[in-house]
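**Q** Listed below are the residues making up each chain.
4 protein chains.
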Amino acid sequence: MNAPLRPRADVPPLATLPAAAYRQAVKIRFSHCDPAGIVYFAKYFDIANGVVEDFFPAALGLDYHDIVGPRRIGLGFAHAECDFLKPGKMGDQLTCAVLVDAIGTASITLTLLGYRDGVPALAMRLVMVTTSLTSYRAVPVPDDVRAAVERYKETCR
Amino acid sequence: MNAPLRPRADVPPLATLPAAAYRQAVKIRFSHCDPAGIVYFAKYFDIANGVVEDFFPAALGLDYHDIVGPRRIGLGFAHAECDFLKPGKMGDQLTCAVLVDAIGTASITLTLLGYRDGVPALAMRLVMVTTSLTSYRAVPVPDDVRAAVERYKETCR
Amino acid sequence: MNAPLRPRADVPPLATLPAAAYRQAVKIRFSHCDPAGIVYFAKYFDIANGVVEDFFPAALGLDYHDIVGPRRIGLGFAHAECDFLKPGKMGDQLTCAVLVDAIGTASITLTLLGYRDGVPALAMRLVMVTTSLTSYRAVPVPDDVRAAVERYKETCR
Amino acid sequence: MNAPLRPRADVPPLATLPAAAYRQAVKIRFSHCDPAGIVYFAKYFDIANGVVEDFFPAALGLDYHDIVGPRRIGLGFAHAECDFLKPGKMGDQLTCAVLVDAIGTASITLTLLGYRDGVPALAMRLVMVTTSLTSYRAVPVPDDVRAAVERYKETCR
Chain A
2 MNAPLRPRAD VPPLATLPAA AYRQAVKIRF SHCDPAGIVY FAKYFDIANG
52 VVEDFFPAAL GLDYHDIVGP RRIGLGFAHA ECDFLKPGKM GDQLTCAVLV
102 DAIGTASITL TLLGYRDGVP ALAMRLVMVT TSLTSYRAVP VPDDVRAAVE
152 RYKETCR
Chain B
2 MNAPLRPRAD VPPLATLPAA AYRQAVKIRF SHCDPAGIVY FAKYFDIANG
52 VVEDFFPAAL GLDYHDIVGP RRIGLGFAHA ECDFLKPGKM GDQLTCAVLV
102 DAIGTASITL TLLGYRDGVP ALAMRLVMVT TSLTSYRAVP VPDDVRAAVE
152 RYKETCR
Chain C
2 MNAPLRPRAD VPPLATLPAA AYRQAVKIRF SHCDPAGIVY FAKYFDIANG
52 VVEDFFPAAL GLDYHDIVGP RRIGLGFAHA ECDFLKPGKM GDQLTCAVLV
102 DAIGTASITL TLLGYRDGVP ALAMRLVMVT TSLTSYRAVP VPDDVRAAVE
152 RYKETCR
Chain D
2 MNAPLRPRAD VPPLATLPAA AYRQAVKIRF SHCDPAGIVY FAKYFDIANG
52 VVEDFFPAAL GLDYHDIVGP RRIGLGFAHA ECDFLKPGKM GDQLTCAVLV
102 DAIGTASITL TLLGYRDGVP ALAMRLVMVT TSLTSYRAVP VPDDVRAAVE
152 RYKETCR
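Chains as they are written, first to last, in this note's numbering: chain A, 2 to 158; chain B, 2 to 158; chain C, 2 to 158; chain D, 2 to 158.
Keep in mind that the hints were calculated from the coordinates and are not lab data.
Hints should not be assumed to be uniformly reliable.
Identical copies carry no separate label here, and so any pair may be met within one copy or between two of them.
[What the hints assert, rightly or not] Straight-line C-alpha distance at most 25 Å; calculated SDA-like pairs for lysine to any residue:
id, residue 1, residue 2
1, Lys44, Glu54
2, Lys28, Glu155
3, Lys154, Pro121
4, Lys154, Gly38
5, Lys44, Thr112
I would like the entire structure built from these sequences, with the hints used as guidance.
**A** Right, here's the structure in full:
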């Protein structure tokens, strides 16, 4: 039973990610952790949202808060999943990276990977759906967002 | 684009769940919601953990806090995923149900479904792995937990 | 140093609270707790908001979500403070009570007390300010809210 | 009623804080905010804990996680209070500063101030109590912590 929780075969090593892939350091805090002493799984999803929030201006040149705020276009997820590969502890430094898997009519599928000391710690798939924050229904990915995401995806090829 | 975010064909109607399936009412709070006015996706995972926490004593006859506390056996997730089918709003009443999909050597796979007014709102798959909170490595599902989970699974057949 | 963290002289015993005082049971969850094994202080403020959210319909006959939502009147706090008298642990059952201290032009000052096994565990003072969610500036407490809060305060005299 | 929520007379301007006062930039995120569109008050306390967590190594030369973890000395709060002076919005950049008010036998009283565009946005008082994480009772402030906090307090005089 002394095996790690999951095989990590399918998560690429940090060093092999495209050079252009957006990377962000994340510090694991006291309040991310639970009485088991490790990062509470729901916090990883919250951390991921923060990474995506920074990915928008840093990698896409888009203002996340302007889109969700004044433009009233939601960037929430219709699907989110995560493999938790290694438990995280307070004081850990994660390196997170974001890749674009697919761009649909009203959706953008992202992969978010997290590494600690170069070792994969978490692997997420996030299906963002652009929605009207008036009707709460899907709307086409706005042109500027689509163009930026496609450009980023190209760069990471 | 006025289609709902996701087809719901694969989520069984609440009324067709096994009679023995554990059900729990969850109130959506102000603090579950984000500036988009709907439940923040990471909060659904937190809500799910609370449902599982109550599922243990109520449906399995097990003391979750005793297992995670004095017994030092972690009940965290190695994998978690969710389809967010309908946006939730503050004041909503969700009915959540928990089903057991599989029991492995060191894992228990759960399905957690959430309904609002009988309509599927979220569908989760949660792979719980029993771990030593000393070594943070997987350990076999304890006998009492295995027996209780198997019994519950049978009852829901 | 074996003294409790704080004298509790000024927190009234649960049994001496006015009979009409709103009381609510709160279950301390795994996710409320931190790596120190006790309730994370910020979570107590979140718990308090949930208690106030329920206090509105249950004790005041007012729809909190309607006020904050369609009526666009914020019920946030301009001041919040808490004495944490006893550490909380997962599985604890708290009894919370809400009292009205004062009603101002644009503010309602609440005391929220929490007890575990009848022993004071936390004591909060919360200064709610009614604000326009358009201008984010204080507005007078709406008439229906004022009337209901005054009535409740009278009842608890 | 168009007055700001609170007078700010007693919060010193950012520019007048001691040069040695620890300062930290904090970005207000989507998930810090609530359906009212502004930072949820409980999140400010969580943000504050993160600032204190960074204050320990950066300003005191102490390893917060080592103290709370292996050394099993809790650094939780027996009292926390905050004046919320201006609503925060996603995308805001706060500058937070930490000052030491007092050092007691088993407690350290901190002031944490937050500014947006140089204007006071929040003012907290936090009474940290050093506790044994075995007995959950107060213990004297460890010598190395006391020395570092006293030194910092001197520097900020």
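**Q** If a hint holds in the structure, say so; if it doesn't, say that too.
**A** Tested hints:
no. : hint            : in the structure
1   : Lys44 x Glu54   : both (15 Å within a copy, 17 Å between copies)
2   : Lys28 x Glu155  : neither (29 Å within a copy, 29 Å between copies)
3   : Lys154 x Pro121 : within (22 Å within a copy, 33 Å between copies)
4   : Lys154 x Gly38  : neither (37 Å within a copy, 30 Å between copies)
5   : Lys44 x Thr112  : both (17 Å within a copy, 20 Å between copies)
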